[in-house]
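Taken in sequence, the protein lines are chains F and V. Positions 1 to 113 (our numbering) are the ones given, in order, by the first sequence. Positions 1 to 111 (our numbering) are the ones given, in order, by the second sequence.
Everything labelled a hint here was simulated from the structure, so no lab data went into it. Each residue gets a CB set at the ideal place from its N, CA and C atoms; glycine is no exception. Treat the hints with care, as some may be off.
For lysine-lysine, the following DSBU-like pairs were computed, each having C-alpha atoms within a straight-line distance of at most 30 Å [said to hold, decoys possible]: (1) F:37 - F:54; (2) F:54 - F:71; (3) V:57 - F:68; (4) V:9 - F:37; (5) V:96 - F:37; (6) F:54 - V:96.
For the chain F half of the interface with chain V, some residues (derived, Cβ under 8 Å), not all of them [as the list claims (entries may be wrong)]: (7) 43; (8) 46; (9) 98; (10) 101; (11) 103; (12) 104.
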Amino acid sequence: DQQVKQNSPSLSVQEGRISILNCDYTNSMFDYFLWYKKYPAEGPTFLISISSIKDKNEDGRFTVFLNKSAKHLSLHIVPSQPGDSAVYFCAASAPNTGNQFYFGTGTSLTVIP
Amino acid sequence: NAGVTQTPKFRVLKTGQSMTLLCAQDMNHEYMYWYRQDPGMGLRLIHYSVGEGTTAKGEVPDGYNVSRLKKQNFLLGLESAAPSQTSVYFCASSFKGYGYTFGSGTRLTVV
Numbered sequence: 001d002q003q004v005k006q007n008s009p010s011l012s013v014q015e016g017r018i019s020i021l022n023c024d025y026t027n028s029m030f031d032y033f034l035w036y037k038k039y040p041a042e043g044p045t046f047l048i049s050i051s052s053i054k055d056k057n058e059d060g061r062f063t064v065f066l067n068k069s070a071k072h073l074s075l076h077i078v079p080s081q082p083g084d085s086a087v088y089f090c091a092a093s094a095p096n097t098g099n100q101f102y103f104g105t106g107t108s109l110t111v112i113p
Numbered sequence: 001n002a003g004v005t006q007t008p009k010f011r012v013l014k015t016g017q018s019m020t021l022l023c024a025q026d027m028n029h030e031y032m033y034w035y036r037q038d039p040g041m042g043l044r045l046i047h048y049s050v051g052e053g054t055t056a057k058g059e060v061p062d063g064y065n066v067s068r069l070k071k072q073n074f075l076l077g078l079e080s081a082a083p084s085q086t087s088v089y090f091c092a093s094s095f096k097g098y099g100y101t102f103g104s105g106t107r108l109t110v111v
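Start from the sequences, fold in the hints, and give me the full structure.
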């Protein structure tokens, strides 16, 4: 049973516009969330995180929003750049679980020049 | 500073053969993990370790064994490979309460 879901397998956006990637989760115990970026033939790399005590976290062009009541988080990339083209995974963890993260299935973002 | 290093990067096995994947990290992380990535399935946790000498099962542990004899190394073993174990395997490490640093992956094909 998938506890973290990314319902959009792919997304295409024009360069300079906003990219919005969505993620839903089912486990109300999750309290820490991450976004990872993955290029082909490479391991995922950490992008941005958010704790459940916050509803927003910003890092440059990347902002993550958390809506705990809806069990939903989103990643906004503004402005989108061709180098942002990659697969994005969201991940979530609950306390006292050995720092286990549950990953979504990923969204492949293509930024069109 | 290498981070997380996985060996080998590619391997082809015949059904029934055994092999060990090695993960090494030089960041003094306590926690280490093995994930597999399959199309449409995302990353699924196989086994993990919260310290030297400890291991625990993740979501999909069947057919795999692990060992953490040294803090910096986490080994994933396949005793009798099956075609269903064809996948890309990622090792990761972390401090408690922080996100992971991943290796670059091992692409395993079982024929």
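Hints and how they fare:
no.: 1; hint: F:37 - F:54; result: holds, 22 Å
no.: 2; hint: F:54 - F:71; result: holds, 13 Å
no.: 3; hint: V:57 - F:68; result: holds, 28 Å
no.: 4; hint: V:9 - F:37; result: holds, 20 Å
no.: 5; hint: V:96 - F:37; result: holds, 21 Å
no.: 6; hint: F:54 - V:96; result: holds, 20 Å
no.: 7; hint: 43; result: holds, 3 Å
no.: 8; hint: 46; result: holds, 5 Å
no.: 9; hint: 98; result: holds, 5 Å
no.: 10; hint: 101; result: holds, 7 Å
no.: 11; hint: 103; result: holds, 4 Å
no.: 12; hint: 104; result: holds, 5 Å
Checked against the numbered hints given earlier, this structure breaks none of them.
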